[in-house]
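There are 2 protein chains.
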Amino acid sequence: MAWDTEGTRRRLLDAAVIEFAAGGFAATKVEAIAARAGVNKERLYNYFGDKKALWDLVLAAELGRLASAVRLSGAGLDDIGEFAGATFDYHAEHPQLARLLQWEGLQGGPPANAAERSIHYRDKVARFGIAQGEDAIDSRIDPDHLVFALIALAAWWQTVPQLAEMITGADGQDIDERARRRGFVVEAARRLSAPTKG
Amino acid sequence: MAWDTEGTRRRLLDAAVIEFAAGGFAATKVEAIAARAGVNKERLYNYFGDKKALWDLVLAAELGRLASAVRLSGAGLDDIGEFAGATFDYHAEHPQLARLLQWEGLQGGPPANAAERSIHYRDKVARFGIAQGEDAIDSRIDPDHLVFALIALAAWWQTVPQLAEMITGADGQDIDERARRRGFVVEAARRLSAPTKG
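Chains as they are written, first to last, in the working numbering: chain F, 142 to 339; chain E, 142 to 339.
Pulled out of the complex, with its shape left as it was, chain F reads as follows (with noise of 0.2 Å):
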């Protein structure tokens, strides 16, 4: 029989997903990444050397996935909005994402993978620049800050459930309540992208 060494990988990266999403960097245990993986501990570490850096691997890997399946198609407010939704529709259907960002924040310390991932919010914010539109630089949102509440609003809601439900008095499961949110995620982006009137 030949190792599966692909496959073996694969299956032990989304059981990483689910334990480290489930329990945290600091509660998770390697024996349980491995054991749900059906996989010897000793080969999780030979392919990926120690909890920290298997941690990293996976955020790194999920953020991609959003920024693979999430893009800023165009260079205008509509853009904007429809990013938003899709960033919504995102979280919503992959509520690990969302658990690991809080887990990132609630254990503090420096961030996994902090300079990549600086690089790629700071072309992210460039975009966002252009498309909220040259001319209004100076009563424009600042993007950097814009692209923050964009996250918040669409992640927000997956973040804390409980106070979501109690404030719309809907569980985020509900379709109706569901396009609702959307509709008011696109809506928030429109108007915080838009040059000052008046």
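These aren't lab readings, by the way, just hints derived from the structure by calculation. Careful: at least some of the hints might be erroneous.
Given that identical chains are not distinguished, each listed pair holds provided it fits within a single copy or across any two copies.
Unchecked claim - Quick list of in silico lysine-lysine cross-link-like pairs, DSS-like style, CA-CA up to 30 Å:
1) LYS193 <-> LYS170
2) LYS192 <-> LYS170
3) LYS182 <-> LYS265
4) LYS265 <-> LYS193
5) LYS193 <-> LYS182
6) LYS170 <-> LYS265
Given the coordinates of chain F, work out where chain E should sit on it, guided by the hints.
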């Protein structure tokens, strides 16, 4: 020596805020709270019942402190903006509150004190609806989503501080950056509350 009952309760509650904010409900041990307060574990049980009752009390008390400190003072867009700015200040100065809400979200299950909080939020949504202006009722953002978004914009900085630093390029302790963030939150709240134009 007389028993200082109020003082002991206070010390236990203060210790519980610190321990629960650091570790969440599940990982926090009642022993650690009692030890931090310098009080016998049995007295903690006598005063508060079990760990869940203490968690509920801590969350209610911390949310109550926010509600007392930050009020919607009038019925206009400037008032909503100022409310959002004051909420941002409160979260910046009391990072434990966002942490408690995060733990609640990560832990899942029904929220603490659901009935009282739902009533509180229903009342808040009604007041924000009035502040948005009743004549804009068809074109405005739904006031429940507005309230939810204002909490997101005020608390998201504390929730994912590393993300905030990577995107803005500055630490939240930096005085200039904190003022810039506050200014953004006020402006964002105004934009989200305004009646739609055009």
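Within, between, both or neither: LYS170, LYS265 at alpha-carbon 30 Å | neither (35 Å within a copy, 43 Å between copies)
Checking LYS192 and LYS170: alpha-carbon separation at most 30 Å within a copy, between copies, both or neither?
-> both (8 Å within a copy, 25 Å between copies)
How do LYS265 and LYS193 come out at 30 Å by Cα distance, when the copy is not named: within, between, both, or neither?
-> Classified as within: same-chain Cα gap 27 Å, cross-chain 43 Å, threshold 30 Å.
Using 30 Å as the alpha-carbon threshold, which applies to LYS193 and LYS182: within, between, both, or neither?
-> So LYS193 and LYS182 pass the 30 Å test inside one copy only (15 Å; across, 36 Å).
Have a look at LYS193 and LYS170 and pick one of within, between, both or neither, based on CA distance no larger than 30 Å.
-> both (11 Å within a copy, 26 Å between copies)
Indicate which option fits the pair LYS182, LYS265 if close means a Cα-Cα distance not exceeding 30 Å: within, between, both or neither.
-> neither (38 Å within a copy, 52 Å between copies)
When each numbered hint is compared with the structure, violations occur for hints 3 and 6.
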